[in-house]
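Asks: Sequence:
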Amino acid sequence: MWESSAEPEQGPRPPVTVFLLDDHELVRHGIRGLLEREGDIEVVGESGWAAEAARRIPALRPDIAILDVRLPDGTGVEVCRQIRSVDPGIAALMLTSYDEDEALFAAIMAGAAGYVLKQVKSVDFVDTVRRVADGQSMLDPAVTAQVLTRLRNGPPEDPVTKHLTPKEHQVLELVGQGFTNRQIAARLGLAEKTTKNYVSTMLGKLGVESRTQAAIIAARQSTAPR
64 MWESSAEPEQ GPRPPVTVFL LDDHELVRHG IRGLLEREGD IEVVGESGWA
114 AEAARRIPAL RPDIAILDVR LPDGTGVEVC RQIRSVDPGI AALMLTSYDE
164 DEALFAAIMA GAAGYVLKQV KSVDFVDTVR RVADGQSMLD PAVTAQVLTR
214 LRNGPPEDPV TKHLTPKEHQ VLELVGQGFT NRQIAARLGL AEKTTKNYVS
264 TMLGKLGVES RTQAAIIAAR QSTAPR
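Count along the sequence shown from 1, then add 63; that gives the number in the numbering used here.
No lab work stands behind these hints, which were simulated from the structure alone. Fair warning: this is a prediction, and the values are worked out from it, not measured in the lab. Treat each hint with caution, since some may be false.
Stated by the list, open to error - Cross-link-like lysine-lysine pairs, in silico, BS3-like; alpha carbons within 25 Å at most: (1) K259 <-> K230; (2) K184 <-> K225; (3) K268 <-> K256; (4) K225 <-> K259; (5) K230 <-> K268; (6) K268 <-> K225.
What the hints assert, rightly or not - Per label pair, the in silico range of CB-to-CB distance: (7) Q284 <-> V183: 40 to 48 Å; (8) V271 <-> W112: 28 to 36 Å; (9) R118 <-> S185: 26 to 34 Å; (10) Q240 <-> K184: 43 to 51 Å; (11) P77 <-> R283: 22 to 30 Å; (12) T275 <-> D197: 29 to 37 Å.
Even for Gly, the Cβ is constructed at its ideal location relative to N, Cα and C.
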């Protein structure tokens, strides 16, 4: 008996599954409607909170997590990093209203497969989702070049603190942690009077008058994306 050499017909491709993270309900509703009208994309979950999404996404195991960058209780970048550390098979597509080099760099370093502005056209957004689902990286070559340059050169210097010496940077960091002059002196092996002079010079270079203002600058630096 002759056996047929024809390949067996493949069944319909399963839908692309998506989880939506955005703190605006109307945005989530709009994206859900846009994607599910396509017929081959299914939204399996959504949230407006980073912590909830980081917990639910690995459990649902969608093909793609569409993550807003700015959230009330964190960032989509952190969620990207957390879910991909648990399940690298989940692709992350960052969605934001802001074209920011720092956030873009942080997203790429967290393992995001793409970065899309909310101003994108609907047809282009759907195409991006499908491409990411197929394993493609939706990052512009120019963006990749920026990241490589950043890796070689390190983060851009903050213009507010760029005039500080390395020792003054250390003093600023400790001021930001609430250390007194005496504690800073002990930590850095300096005389207390020398530490006081460092603090005064540092405040002058920063253009502020109080340790509290300097601490705010230090806190801003410590939370900036790396």
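Asks: Which numbered hints are broken by the structure, listed smallest first?
Replies: 2, 7, 11 and 12
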